[in-house]
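S.K.: Assemble the whole structure, with the sequences as input and the hints as a guide.
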Amino acid sequence: MALNVAAVGALCLCVIVSLFAITSAGDPSKFFEWNVTYGDISPLGVRQQGILINGQFPGPDINSTTNDKLIVNVYNNLDEPFLISWNGIQQRRNSYQDGVSGTNCPIPPGKNYTYKIQVKDQIGSFFYFPSLALHKAAGAFGGIRVHSKPQIPVPFPTPAGDYTVLIGDWYKSNHKELRNQLDSSKILSFPDGILINGRGPNRASFNVEKGKTYRLRISNVGLQSSLNFRIQNHNLTLVEVEGKHTIQTSYTSLDIHVGQSYSVLVTANQPDKDYYIVVSSRFTSPVVTTTGILHYNTSSAPASGPIPDGPTDVNFSLEQARSIRTNLTASGPRPNPQGTYHYGRVNVTRTIILANSQGIVNGKQRYAINGVSYVAPDTPLKLADHFKIEGVFRNGSIQDKPTSGPIHLDASVTESDYKGFFEIVFQNDEDTIQSYHLDGYSFYVVGLDAGQWTPDRRKNYNLEDAIARCTVQVYPKSWTAVYFATDNVGMWNLRSEIWARQYLGQQFYLRVYATTTAPRFQDQIPKNVLLCGKAIGKNVTSA
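What the sequence shown shows, in mature numbering (1 follows the signal peptide of the UniProt record, and there is no 0), is residues -25 to -1, 1 to 518, in sequence order.
Hints may contain errors.
[Claimed, not checked] Within a straight-line C-alpha distance of at most 30 Å, the following computed DSSO-like cross-link-like pairs (lysine-lysine) qualify:
#1 K5 <-> K124
#2 K376 <-> K452
#3 K394 <-> K124
#4 K187 <-> K124
#5 K434 <-> K394
#6 K86 <-> K147
Hints were generated in silico from the structure; no laboratory data involved.
M.R.: If you want it as structure tokens, here you go:
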């Protein structure tokens, strides 16, 4: 029998409120000071201008435990505005800290902003990145680890080590040059290479002891390329995807699409030598490949022999994606009974079909969702919503289904009341792979397949143990369907993770609202909020 959304929501809310009353007073805070500067880097052997955090490329890891409050003071010492966003950190009730142009005014050059976020009821592997312009092409990204509390069991033995592995395509060109290319309607050229933790071929090395098992937290932080990750002669046991423990499946290689994060276990159980770590592009011609080194403490020889081949067809990736499922017997970030919220038994209140497209608007290349190419106004949507500033955006400015006709420009927003239950179908009729991310939420990936989506496809949905994640791929000429409850009030960015497409309009905002302003539904506007555009001079009355 289907459950009532409101009833389920009330049950979950009671649990959350009770837990908050017990734990929030004691939730620890962690403080970070980040100095963002330009600096010379040469990951592919060519000197170029990078964006560093505290002199580091990539930036420092954030290590935290579920429910920690993270206070990150960011000093912008660049010559242009800057923002940091937190890929996969859900910002419960607090889109004011999301760090994208629709929620935050940028940090001006020479100024600072202090983010106050909480990894509320989350665990797992995530990353942060710069969200404005093409800054992501210059650095300022890093890993985020959210560990379980000691009393919450993890469904695998404690590894001997825990490594952040940031992989991504890379350009030798300056990020401003890449932005100018897009602004002048040029398509970004093919990437010049692939980096592992900011290093080029054979320069990233990971030390292991013979016989021990290690956790690798792998995130694709690149601009546009889906990547395949593999280690010579070693298997990868998948254990976690963007905050959810998975059924522990062994793979010889793993496709990781732009914006996605995975945790795998690797056991050093091979003869005493070094082994190649291999990362190669997927769905591209030519294929770009780089290597790193898995170094045994007992190694008697360098890595040698042919590097292992990667997959070459779409079906491999499609079948692998279907095999990634939630471990229903594993504990979550808090000790609540499993199964109190079962997505497969909730009635869908709204279906949205989203189709990506591209075209020329006013003589320039643009990308769109449902015929609308997003243009950021000078006032963040979240501030316009809070201060009731008219003329910044219109609710319903993007339709729930693809529309015919030419692409048009708008600050596209769709809205939902609190506690709806959505089905979103991403329909990709183009020849290139897509990758989509939704801030503020995890969604259940219930189905994906080639061809056109129709309602009959629901017969094959996984309504039992689909993986919940925040970033999902859509294969060429294919579709992907997700479910999620609109239970996080705020203004949330749904975007392409292929950055040229995001920059040129393939994104919009989901406004989730409640009829009350009670703090349990939404945090108040922060006292230190930056004001810009039509919000300049407004009175901030935060508690």
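S.K.: K434 and K394: Cα distance at most 30 Å?
M.R.: Holds. K434 to K394 sits at ~25 Å (cutoff 30 Å).
S.K.: Given the hint that K86 pairs with K147, test it: the Cα-Cα distance must not exceed 30 Å.
M.R.: holds (29 Å)
S.K.: Given the hinted pair K376 and K452, is their alpha-carbon gap at most 30 Å?
M.R.: Satisfied, since the Cα-Cα distance of roughly 17 Å is no more than 30 Å.
S.K.: Verify the proposed pairing of K394 with K124, using a straight-line Cα cut of 30 Å.
M.R.: holds (28 Å)
S.K.: Between K187 and K124, does the CA-CA distance stay at or below 30 Å?
M.R.: OK: K187 and K124 at ~23 Å, within 30 Å.
S.K.: Given the proposed pairing of K5 with K124, does the C-alpha separation stay at or below 30 Å?
M.R.: Holds: K5 and K124 sit about 15 Å apart, inside 30 Å.
Every hint from the earlier list agrees with this structure, and none is contradicted.
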